[in-house]
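Participant: Just so you know, the protein sequences line up as chains A and B, in that order. Our numbering numbers the first residue of the first sequence as 151 and each following residue consecutively. Our numbering numbers the first residue of the second sequence as 1068 and each following residue consecutively.
It is worth saying that the hints were derived from the structure and are not from the lab. From a predicted model like this one, the values you see are computed outputs, not experimental measurements. One thing to keep in mind: the hints can contain errors.
[Stated by the list, open to error] Label pairs and their computed distance ranges (CB to CB):
#	chain 1	residue 1	chain 2	residue 2	range
1	B	Thr1160	A	Ser209	58 to 64 Å
2	A	Ser209	B	Met1152	55 to 61 Å
3	A	Ser209	B	Ser1214	29 to 35 Å
4	A	Ile343	B	Ser1198	42 to 48 Å
5	A	Ala281	B	Thr1160	43 to 49 Å
6	A	Val214	B	Ala1130	38 to 44 Å
7	B	Thr1134	A	Val350	36 to 42 Å
8	B	Lys1230	A	Trp185	34 to 40 Å
9	B	Ser1214	A	Met243	42 to 48 Å
10	A	Val361	B	Leu1123	20 to 26 Å
11	A	Pro172	B	Ala1242	49 to 55 Å
12	A	Trp300	B	Pro1110	55 to 61 Å
13	B	Gly1225	A	Trp180	31 to 37 Å
All C-beta atoms, glycine included, are put in the ideal place defined by N, C-alpha and C.
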Amino acid sequence: MSSQHPPLPPRLRNRLASDLAPVHPRATPWRRAAWLGLLCAAAILIAWIRVRRGGSPPSTSALVASGTEWLAGFAMVWGAMREGVPGLGLGRMRALLLLGLGIATQLGSALLLATSIGERWLGADAVAAGAQCAQGEGAIGLPLLAATTWLLLRSFPLRARLASALAGGAAGVLADAAWHLVCTRTDLLHILIWHLGATVALTAAGYLVGVYLERRF
Amino acid sequence: MTADEELDHWMRSYQEGHLHAFEQLYAALAPPLSRFLRRLAPPGIEPDDLVQTTFLQLHRARATYLTGQPVRPWAYAIARHVALMARRGRARTAGREASIDEQALEIAAPESGMLGALDRIALERALGMLSDPGREALWLHHIAGLSFREVAAVQGIGESAAKVRAHRALSSLRAHYATGGPS
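Extracted from the complex, chain B is given alone in its bound form:
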């Protein structure tokens, strides 16, 4: 059984009302969602709170999961929505758009060989310089391992637009490193 099939299995079981299935889903999805939300969380809001809110929203939306569809884009789309709502709320109260939080520079555990080869703090800083949509697309594809089709579904754009966003973000990152960006 592949990871996606396993998630689908737990999701169906969760829809039938099994708490154990939710625990399995939480175990599989909480760490990557937490890392994803850490990059989207507005200043002053704990990413862990957003993770909890995301799972509460997942719970409300559990009937909308369609059997056989990949679980991760569904979950990431809800997480992204939670983060955007938090940002809007924050921007309303602060009267300005949220800027990059120092917490976003925390070191995340590497999930692929790509991260392991680079200085992670410098990479986090460089990622912080990218536009939000580009950084999101880059992160979802190259680090979370979603296909471009899935990235497009999460961001609500076309597949080719997702490719362009990730490619541009990667090019910016390369240019940043080529000019000796991280110091």
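This is chain A alone, in the form it adopts within the complex:
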């Protein structure tokens, strides 16, 4: 491979020679997603223990919904991490599909809870009483989004807006996986507005972070 090669342009050589420190190859997307997934699993466990101590253990439906959402969120984080490696991304269509699938999973969980143990708490009261749920999900989701953004900053996302929106969606779905063990309300309107709303807001926040990231790459 070495005799008729084009010579390295001096300008490029100089630029590189001044910044040629050894680098540690990044962990695979799978391993990076696993760290965040474990972090979130710990949050779910803590939520579950707190709720049990409070004397009202979550129903089986709530646990199933939580586990399903955790899986969906984990897949979304994995997708976002893959987007951070050039040539390893899922592609626009698949990434959008994964994002849609994650949000649909949260919606499906909401429907499962509403049909199995749903209360009929409709109207203005349901809407007004739920702001704390969005705050709770934000409190879990925003650090998750920050952690994912930090991981994306350390990689090289070529479709930064998509990767970051996926990360935001994942943060929302994972936060809901933990929070709906704490929130005892199962009426559909409350879940749609405050829980799904929080996920949509986190996805939008992720997208905006991606706009910033795109300028860096």
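Given the structure of chain A, go ahead and fit chain B onto it with the hints provided.
Facilitator: Relative to chain A, chain B alone:
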């Protein structure tokens, strides 16, 4: 050692901070990347500048290369991103989408028997008539020698979509020649 294994070896050495390894990578990747970028470069931007920018971006992204993964799709994906960014920048300043540049019609050295059998200028013109994604897929697979899986990774699409793009582009090219297209 196969070419891919050799590239992987140089890439690992480059990650450890060896300039010599980068020189080897540059030697192996610069010519095909240059030909690839010549087809994607917007008017008014020198493909060689894009090659330099691509290698600077490769340098920034070097930690994201995963050992054992093929190097070429990784490098082509970054090169494609550089070209797309240049196009966007150009379109913003020009206020319109970039059209085919005369420079894109420059004769590239043939890399396979396929090119050698055809009139290269006419082929370049015919390639210029294809859609960008189709031309890219065709070029990456049939000329740069990437597998469809690798083409899909570069373009950020599924493997079957990459096959369809390349197939459609090839069919368009055949139809173009069948109707006496190149004159």
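Participant: None of the hints should be skipped; say for each whether it holds.
Facilitator: Okay, the hints, checked on the actual structure:
Between threonine 1160 of chain B and serine 209 of chain A the CB atoms are about 59 Å apart, so this pair conforms to the stated range of 58 to 64 Å. Separation of serine 209 of chain A from methionine 1152 of chain B is about 51 Å and departs from the stated range, judged on CB atoms against 55 to 61 Å. Between serine 209 of chain A and serine 1214 of chain B, the C-beta spacing of about 50 Å breaks the proposed range 29 to 35 Å. The hint said 42 to 48 Å for the Cβ distance between isoleucine 343 of chain A and serine 1198 of chain B, and at roughly 44 Å that hint holds.
For the pair alanine 281 of chain A and threonine 1160 of chain B, the supplied restraint of 43 to 49 Å holds, since their beta-carbon distance comes to about 46 Å. Between valine 214 of chain A and alanine 1130 of chain B, the C-beta spacing of about 40 Å keeps the proposed range 38 to 44 Å intact. Here the CB-CB span from threonine 1134 of chain B to valine 350 of chain A is close to 38 Å, well matched to the stated 36 to 42 Å. In this structure the supplied range 34 to 40 Å holds for lysine 1230 of chain B paired with tryptophan 185 of chain A, their Cβ-Cβ distance being about 35 Å.
Taking 42 to 48 Å as the suggested C-beta distance range, the pair serine 1214 of chain B and methionine 243 of chain A does not conform, at roughly 20 Å. In this structure, valine 361 of chain A and leucine 1123 of chain B meet the distance hint of 20 to 26 Å, their C-beta atoms being roughly 23 Å apart. Checking the proposed 49 to 55 Å range against proline 172 of chain A and alanine 1242 of chain B shows it holds: the Cβ atoms sit about 52 Å from each other. Taking the beta carbon of each, tryptophan 300 of chain A and proline 1110 of chain B are about 39 Å apart, not inside 55 to 61 Å as hinted.
Distance hint check: the CB atoms of glycine 1225 of chain B and tryptophan 180 of chain A are about 20 Å apart, inconsistent with the given range 31 to 37 Å.
Comparing the model with each numbered hint stated earlier shows that hints 2, 3, 9, 12, 13 do not hold.
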